[in-house]
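Chains as they are written, first to last, in my numbering: chain A, 15 to 435; chain B, 15 to 435.
None of these hints come from the bench; they were simulated from the model. Keep in mind that the hints are not guaranteed to be accurate.
Identical chains blur together in the list; that is why a pair holds if it fits in one copy or across any two.
With a cut-off of at most 20 Å between alpha-carbon atoms, the simulated DMTMM-like pairs for lysine to aspartate or glutamate come out as follows [claimed, not checked]: (1) K431 - E368; (2) K172 - E345; (3) K139 - E111; (4) K247 - E76; (5) K364 - E206; (6) K112 - E140; (7) K112 - E137; (8) K195 - E347; (9) K269 - D299; (10) K364 - E435; (11) K177 - E167; (12) K177 - E111; (13) K169 - E140; (14) K112 - D83; (15) K187 - D299; (16) K112 - E435; (17) K372 - E435; (18) K267 - E174.
Since this is a predicted model, take the numbers as computed values, not measurements.
There are 2 protein chains.
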Amino acid sequence: MAVRLNNSGICNFITDTELERIEPQVSLAAKMLDEEMGSKSWHNLPQEFDSNELEAILQAAEEIKNRADVFIVIGIGGSSLGAKAAIEWLRSIFYNEKSQLKIYFAGNNLSASYLSNVIACCEDKEVYINIVSKSGETLEPMLAFGIFRNLLEQKYGKIEASKRIFVTTDEEKGTLLRMAKDNGYRRFVIPEDIGGRYSVLTAVGLLPMAVAGIDIRQVMNGARNACLYLSDKKFPENESLIYAAYRNCLNRKGKRIEVLIGLEPDFHSFAEWFKQLFAESEGKDGKGIFPTAGIYSTDLHALGQFIQDSGSLIFETVIDVLNSNVDMCAESECIHNFGLAHSSLSQINKKVLEGALKAHVDAAVPSIVLRIPQVNEFEYGYLIYFFEKACAISALVLGVNPFNEPGVLAYKLKTAKLLQE
Amino acid sequence: MAVRLNNSGICNFITDTELERIEPQVSLAAKMLDEEMGSKSWHNLPQEFDSNELEAILQAAEEIKNRADVFIVIGIGGSSLGAKAAIEWLRSIFYNEKSQLKIYFAGNNLSASYLSNVIACCEDKEVYINIVSKSGETLEPMLAFGIFRNLLEQKYGKIEASKRIFVTTDEEKGTLLRMAKDNGYRRFVIPEDIGGRYSVLTAVGLLPMAVAGIDIRQVMNGARNACLYLSDKKFPENESLIYAAYRNCLNRKGKRIEVLIGLEPDFHSFAEWFKQLFAESEGKDGKGIFPTAGIYSTDLHALGQFIQDSGSLIFETVIDVLNSNVDMCAESECIHNFGLAHSSLSQINKKVLEGALKAHVDAAVPSIVLRIPQVNEFEYGYLIYFFEKACAISALVLGVNPFNEPGVLAYKLKTAKLLQE
Numbered sequence: 015m016a017v018r019l020n021n022s023g024i025c026n027f028i029t030d031t032e033l034e035r036i037e038p039q040v041s042l043a044a045k046m047l048d049e050e051m052g053s054k055s056w057h058n059l060p061q062e063f064d065s066n067e068l069e070a071i072l073q074a075a076e077e078i079k080n081r082a083d084v085f086i087v088i089g090i091g092g093s094s095l096g097a098k099a100a101i102e103w104l105r106s107i108f109y110n111e112k113s114q115l116k117i118y119f120a121g122n123n124l125s126a127s128y129l130s131n132v133i134a135c136c137e138d139k140e141v142y143i144n145i146v147s148k149s150g151e152t153l154e155p156m157l158a159f160g161i162f163r164n165l166l167e168q169k170y171g172k173i174e175a176s177k178r179i180f181v182t183t184d185e186e187k188g189t190l191l192r193m194a195k196d197n198g199y200r201r202f203v204i205p206e207d208i209g210g211r212y213s214v215l216t217a218v219g220l221l222p223m224a225v226a227g228i229d230i231r232q233v234m235n236g237a238r239n240a241c242l243y244l245s246d247k248k249f250p251e252n253e254s255l256i257y258a259a260y261r262n263c264l265n266r267k268g269k270r271i272e273v274l275i276g277l278e279p280d281f282h283s284f285a286e287w288f289k290q291l292f293a294e295s296e297g298k299d300g301k302g303i304f305p306t307a308g309i310y311s312t313d314l315h316a317l318g319q320f321i322q323d324s325g326s327l328i329f330e331t332v333i334d335v336l337n338s339n340v341d342m343c344a345e346s347e348c349i350h351n352f353g354l355a356h357s358s359l360s361q362i363n364k365k366v367l368e369g370a371l372k373a374h375v376d377a378a379v380p381s382i383v384l385r386i387p388q389v390n391e392f393e394y395g396y397l398i399y400f401f402e403k404a405c406a407i408s409a410l411v412l413g414v415n416p417f418n419e420p421g422v423l424a425y426k427l428k429t430a431k432l433l434q435e
Numbered sequence: 015m016a017v018r019l020n021n022s023g024i025c026n027f028i029t030d031t032e033l034e035r036i037e038p039q040v041s042l043a044a045k046m047l048d049e050e051m052g053s054k055s056w057h058n059l060p061q062e063f064d065s066n067e068l069e070a071i072l073q074a075a076e077e078i079k080n081r082a083d084v085f086i087v088i089g090i091g092g093s094s095l096g097a098k099a100a101i102e103w104l105r106s107i108f109y110n111e112k113s114q115l116k117i118y119f120a121g122n123n124l125s126a127s128y129l130s131n132v133i134a135c136c137e138d139k140e141v142y143i144n145i146v147s148k149s150g151e152t153l154e155p156m157l158a159f160g161i162f163r164n165l166l167e168q169k170y171g172k173i174e175a176s177k178r179i180f181v182t183t184d185e186e187k188g189t190l191l192r193m194a195k196d197n198g199y200r201r202f203v204i205p206e207d208i209g210g211r212y213s214v215l216t217a218v219g220l221l222p223m224a225v226a227g228i229d230i231r232q233v234m235n236g237a238r239n240a241c242l243y244l245s246d247k248k249f250p251e252n253e254s255l256i257y258a259a260y261r262n263c264l265n266r267k268g269k270r271i272e273v274l275i276g277l278e279p280d281f282h283s284f285a286e287w288f289k290q291l292f293a294e295s296e297g298k299d300g301k302g303i304f305p306t307a308g309i310y311s312t313d314l315h316a317l318g319q320f321i322q323d324s325g326s327l328i329f330e331t332v333i334d335v336l337n338s339n340v341d342m343c344a345e346s347e348c349i350h351n352f353g354l355a356h357s358s359l360s361q362i363n364k365k366v367l368e369g370a371l372k373a374h375v376d377a378a379v380p381s382i383v384l385r386i387p388q389v390n391e392f393e394y395g396y397l398i399y400f401f402e403k404a405c406a407i408s409a410l411v412l413g414v415n416p417f418n419e420p421g422v423l424a425y426k427l428k429t430a431k432l433l434q435e
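Same shape as in the complex, but just chain A:
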């Protein structure tokens, strides 16, 4: 099953002829991607992931699950967004309220208030840490690591602390690797040729997921299926190519904002992962589609007015999940005048989406609908790989390098200079 495109909200805006005209560019981009990526990197990762590494991740996760009350994942950008997305989407935004083992993300900001709150959550608890940084040269995670390592060393002493620290970093070089070796921290690998925003299906994302009880074999299974299917199929049977084609067609006719829509609050952090992937891959050389996100129906009461009536800048991409894992009867006296006799929440949610999309199409707002059968580990892995591939191809069609981030370097240089003053 996996990702299927529904084009009813887009066929009024992109003609078959337009698709035919852009097809050669998209197919060329797919070919370039295959050639540039070769057999290495994120592109073939799901097929070639080291089974020993996977075993080691599962073992570490078992140990953490059995012993820790609090697990702190320290990383920023691609080093935290994918794991957070998985935990919230596959488990729930209520994960910490429902689980014995609490998982907090840190090192993703410079807020003293945030850090002191996480520190307070560690009081009288058994704490384990996972620091994720390829170089060990990124300010936010290294700053947070310093603080939480001190906390552990004060709590347990240096040797016992070192048993509670897991490091995910480069295999061969970098500050963090050196620290890990010096102190005997256990290590997982960020492959040298995989950039942060494409790293979620390595130990970067997999260790925190496994600690949250997510079946990471199934995640990789879904990604592997995506990898095989989306390598094999040609345009127009290949949804990642069609999606890349749609996005570029819309961009060329002035749609400069893509709103990724989910129908569940649990989808929020997945959208944050998506935003980073597309913003860093495409937003360069004066080009790019601004990636933003919303949850329906919540945001129909916030951004809905703007999406509907503000003109020609926006298109939306909707993640429509066909079968709900949880459902509930909605009936009560309070809603008897809505005509919802015997409706379930998931049915109502779908009708509201249908109503909104109809209104948007009438208002000349295109909707790309990506259908997935269910929220589960397999589909998460599939969807991650789908977006990674679609993003890389989109960026190549746009005419930019999907794998660098010159603008991030620009602000880092300015900041480094100010900090040294």
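Given chain A, work out where chain B should sit, using these hints.
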């Protein structure tokens, strides 16, 4: 003190002559607003808020604080965003983890998963409800109200349940008013002439804030100060007018996306409130600036690349808080090569902002910086009123009605029809 504008990131993009040319339009809009609003509605609310209503809110909040373990605020859009913003910004996104009394928001989506999680949080707890809806005709809150009222009635019986339900609704009409009267629920008022997105400084926002221990007298005090100051001062001493002028100047030269930036994760929901206010007020008649948000430094590792290098569509508005309520020493071996000797986190956070804004200005991305002295109740009230006024004036200068939402009605009609099928 309150909101002060720093123009160093904008003066390269808007000349004094441009400001002079737009000034008559902005001053006219301010005059129109005064005349249209008359003595009623949100415009004069902070000065004329009924002190009996305030007392009643405080009393209800005391009762809830003393008796409840769980307080559920049921509302969507303007009926929940302002209170959520206040609780997270003034207390913390960790509020529920630190507090005996847990506050959950519901009725702001149609997710069975979300609702079932909130229901699970009510188990074996003393539960109070606040349903917020002007008409009682909005699907999401009424659906959630039906579910939680059933839960209370099964738990306590009908009479005891009714003592735990507070209704915030219209004073004279509507489905919810009728239900409240029929069942003897205690009531608070949403004034007839105040729309959802301008209602946070009524019982809509004030009751949940007071339950969270927020000093709502100080909130209203801050709003009153803003109301007096921003009514009195003329362009260019009036920051709400200058901000409206900047926004419209930038929009007219092609900036179509405004990114509201905070420096603390606790600011997230304030930005959601801001997005709704501006999206619904401005996004109509084919016009509007798309309001979106980010937290620095987190989003410098996500949206930063795009903001820096994607071209000419974006400007950013930064909420810069001069004095931190919480700070922390950052020193550790882990960051010795960043040159941060003796720096505190708040100092580092500011330097990173400075570096980012310098890089953005160099890349032709304008930054409007709004400085506030501190995060507290007074400044929250001031900032809310500041944005409400600036938004209304911005919309009038743009040439749209700030107070309607025709696009929301459009999708609601389509949905209502589908639901009746």
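Checklist entry - When the hints from earlier in the document are held up against this structure, which numbers fail? => result The structure breaks hints 4, 5, 12, 15, 16 and 18; every other hint is satisfied.
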